[in-house]
Amino acid sequence: MLFRKLEDKINLIYNKKSVVFFAFLLIGFFIIFLRLLYLQVINYDKYKKIADNNRIRVVRVKADRGFIYDRNDNIIVKNKPSYNLYLVREDIEDKNNLLNLINQKIPIDRELIEKRLKKAYYYQEVLAYRGLTFEELSYFSENIEDLQGVSIKLDPVRDYLDSTSMSHIIGYLGETTEQDLKTKPNYFGGDLIGKTGVEYFYEDILKGKDGKKFIEVDSLGQTINTIEFQPPINGKSLKLSVDYRLQKFAQKLFGNKRGSIVVEDVQTGELILLFSSPTYDLNDFVPYITQENWDKLIKDNKKPLLNRAIESHYPPGSIFKILMALIGLKEKVITPNTEFFCNGKLEFGNYEYKCWKTAGHGDVDLKKAIAESCDVYFYNLGLQLGIDKISEYAKRFKLGEYTNVDIPNEKSGIFPNRDWKKNAFNQIWFPGETIITSIGQGYISVTPIQLVNMFAGIFNGGKILKPHIVKSIIDDNGETLTKTEIYDTITIPEKIKKSILEGMTEAVYGRHGTSYRARVESISVAGKTGTAQVVSLKKTEKYDDDKIPEKYRDHSWFAAVFPAQQPQYALIAMVEHGGSGSQSAAALAGAIINKMVDLNYVSD
Amino acid sequence: MFQIDKRQLKNFDVILVLIIFLINICGILAIYSASYDMADGTFDAYYKKQILWFIIGILTFLFFSAVSYKRWIEYAYVLYALGIILLILVLIIGHVGMGAQRWINIGGFRLQPSETFKIIFVIILAYNFRDLSENNLTLIDIIKKSLILFPPFLLIFLQPDLGTAVIFLAVWGMVLLYRGVTKWTFLISLFTFVLSMPVLWFNLKEYQKNRVLTFLNPERDPFGSGYHVIQSKVAIGSGGIFGKGFLQGTQTHLKFLPERHTDFIFSLINEEFGLIGGSIILLLFILLIYRIIQNATETSEPTAKILCIAVASVTFFQVFVNSAMTVSLMPVVGIPMPFISYGGSSMLTFMAMMGLVNSAKMRKFNSPSEY
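First to last, the protein sequences are chains A and B. Numbered by our numbering, the letters in the first sequence go through residues 2 to 605 in order. Numbered by our numbering, the letters in the second sequence go through residues 57 to 427 in order.
These are calculated hints, taken from the structure and not from any lab test. These numbers come from a predicted model, not from an experiment. All C-beta atoms, glycine included, are put in the ideal place defined by N, C-alpha and C. The reader is advised that the hints may include incorrect statements.
Only part of the chain A face toward chain B is listed, based on derived beta-carbon distances under 8 Å [as the list claims (entries may be wrong)]:
1. Glu8
2. Leu38
3. Val42
4. Lys47
5. Phe342
Next up, chain A with everything else stripped away, as it sits in the complex:
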């Protein structure tokens, strides 16, 4: 009885509610019905017309690519107009015929165009040819009515202040590959994309975001009305930390020589100069590179596309002795006054390790060891330290490791240790290998940028920095500076720094110094030469650089920090097959430092 009552009540209340509920839902359906009525009856003519002509098209509005400036706000890269030929699949009547007609005037890649046409979304403008000359432009414009499906549009390309001196930093643009299209949803076939350099590394920043336009067109495909416009967001600009004037100067200095030179601000990791020789012409890639030019570039045995500052690795030779000195002092294996006796060789096991100076250096302390680059001193130091200590420090200073500089294709090179040898040769480490490692020979292979960054780390008090070439990113809201990133900090007491600097200063200014070619008049420079052997010639064998073929000559290294009182900049110069370090590389470095004095980077 009780349930009966409750049941009646519930049925009474909730049946009423059900009616309200259903009424509410009916309103929802009625709204949709009204909307259908509006679209299909009231606006029928409008939509019918649009559908008959398929008149709504969506057109991409490309964002402008950001500019690139040098540290002094010189515009290094900007954009200039280029006229391109586009095809719209839906407007083409006879594809083969049309392509034949176009081909009579310009060389087109039919296979590529057909592939792009197939992939295009409806009414997409598909790039058929980039960079029409004025004459071609006129021809197509005049005959556009006979070429249904063809449209000509302006699409900017890069315009360089100097197309050679900064090529390795800037990098070139190229058309998107299949792989690019797979991984980057906002790109279409024929779009330009950064392939190397900062153009590649900062692609996302430079590119911006494309906008789009919904347009209504007439039967000839001409726009009669813009229905909706979403403006593009232009790319941001980059401000490089490098100085264009120094780049230009370095290019002149190198001439035909091969090699690279890098200058880094020891406190911030900014790269002031990064030049690799030989270089290539960025204008070869504008508006696109011809097969002929490309073949020429990649078949050139001087390898102009190679950025030798970050992609080539070599044994550092005696430059490495600076790090050895630091490890020795830091680990308290030596003091600046510790002496080793050099009689021109070190006997170890049943093998003789020779000093470059056959007559020997006599009693050698640290200062003399660095200044005169005594091998025997460092053999002894190396044996006392052992390979584990040496490789541990080298790793922390990022030798044989990626510095992660903001340019692509960096190589790591090698710094050997026990594990590496086990993996590479399945052999144990021999003490003799420690000896040759101590003077930067053997398995070690490092890039110039690793070395310059190592010097920056030693002389900024032990901060291992991430070097970078972009100083800031610029957009409408101003500049965002690249932060200085520190990988690691090794405490280096002022005393240790002073002792090493003394040796390096003596190397440049001392009577027996190996680096006298880097002397600069107005400021004091601390330096160290290095020679990387290309072929293993016996150290004692006297030979004259000029008499052996160039390709067998040693690579010439030079490292400098300046001003010597309180180093602000670290520099590494490397000349491939330049002979001993004291020759070509030191002279180059001297000239660059002089130029930097002229440009007010440093003063006494």
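Please arrange chain B on chain A, whose structure you already have, making use of the hints.
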């Protein structure tokens, strides 16, 4: 479990089944048309697969009709817990497709837990709102009732699938109103809700607004939802009163209209069959929902009532959101139209829910005391 009572067979809802049949036939015809490629005159296999899903759907319907809905309600919390576990799993090991994580791959089969959860949701709602007494709910009561809503809402929101998450919220809201809230609670809640929306929106930065818009529609094609909507409007508008005829829709067949066999199938129907076709679809859904609500009124058993109301709400909101999106009254979200859009998950979900309704109808003679 399967003991069949004569009274049950007598109450088997033939009319409900008939309406479902009609809607599905319309759906299969539309998908058949959508499978047709006007350019080269070939057909995709979508319609064949849809027929297969329909057959499996009928079996699902029969299964859910045969099992007493009370069994499910008895185990409502167990089902709920399992569903939540699946929703968490999908976030962890889910298959990422079109920018969102919605599926779990089980031996080549793709399970979409947010679809399955719809069935669980109507069951838990029936259990949770079964206290149909005279007292209307106060704010505190509402908060208590919302506890079952938030876990699935948040988990689906995170996939991200805002469209489906909002459906859950809306269905919960409908059942809440059906159950009854005090006048003041209703007014205050409504007022706060309406007021907070524009304040919230205008306080967003431009990029945040863009993000919300992208969030609403994660599966934008390179040229975005604007393109879909414009093409959809052209397709519908150009259909006129009578439509262009079966297989004659130029907008849809020339591939102007993306997703024409799934989320935008309503546009195709309107292009080819015009206002008449579109209205027939709407009418069929009205009949379906009417029938479900009728079943709710016929039974005296509280859980059955709520169960039917919840199913009617889910059906209504999916039809409404999907069609509103194609006619450009709402932003584009990936919500299929029940029984019409191509897809197995949605078919089975709705067949199961209709089965629950039929199960309630078959057992309507049970009195409340028998729960």
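Verification of the hints:
With a least beta-carbon distance of about 5 Å to chain B, the hint placing Glu8/A at the interface is held under the 8 Å criterion. Interface restraint check: Leu38/A against chain B, minimum CB-CB distance 7 Å, threshold 8 Å, status holds. A least Cβ separation of about 6 Å between Val42/A and chain B falls short of the 8 Å threshold, and the interface hint therefore holds. For Lys47/A, the interface hint holds, the least distance from its beta-carbon to any beta-carbon of chain B being 7 Å, beneath 8 Å.
For Phe342/A, the suggested interface contact is broken, since its CB lies about 68 Å from the closest CB of chain B, more than 8 Å.
When held up to the earlier numbered hints, the structure conflicts with hint 5 and nothing else.
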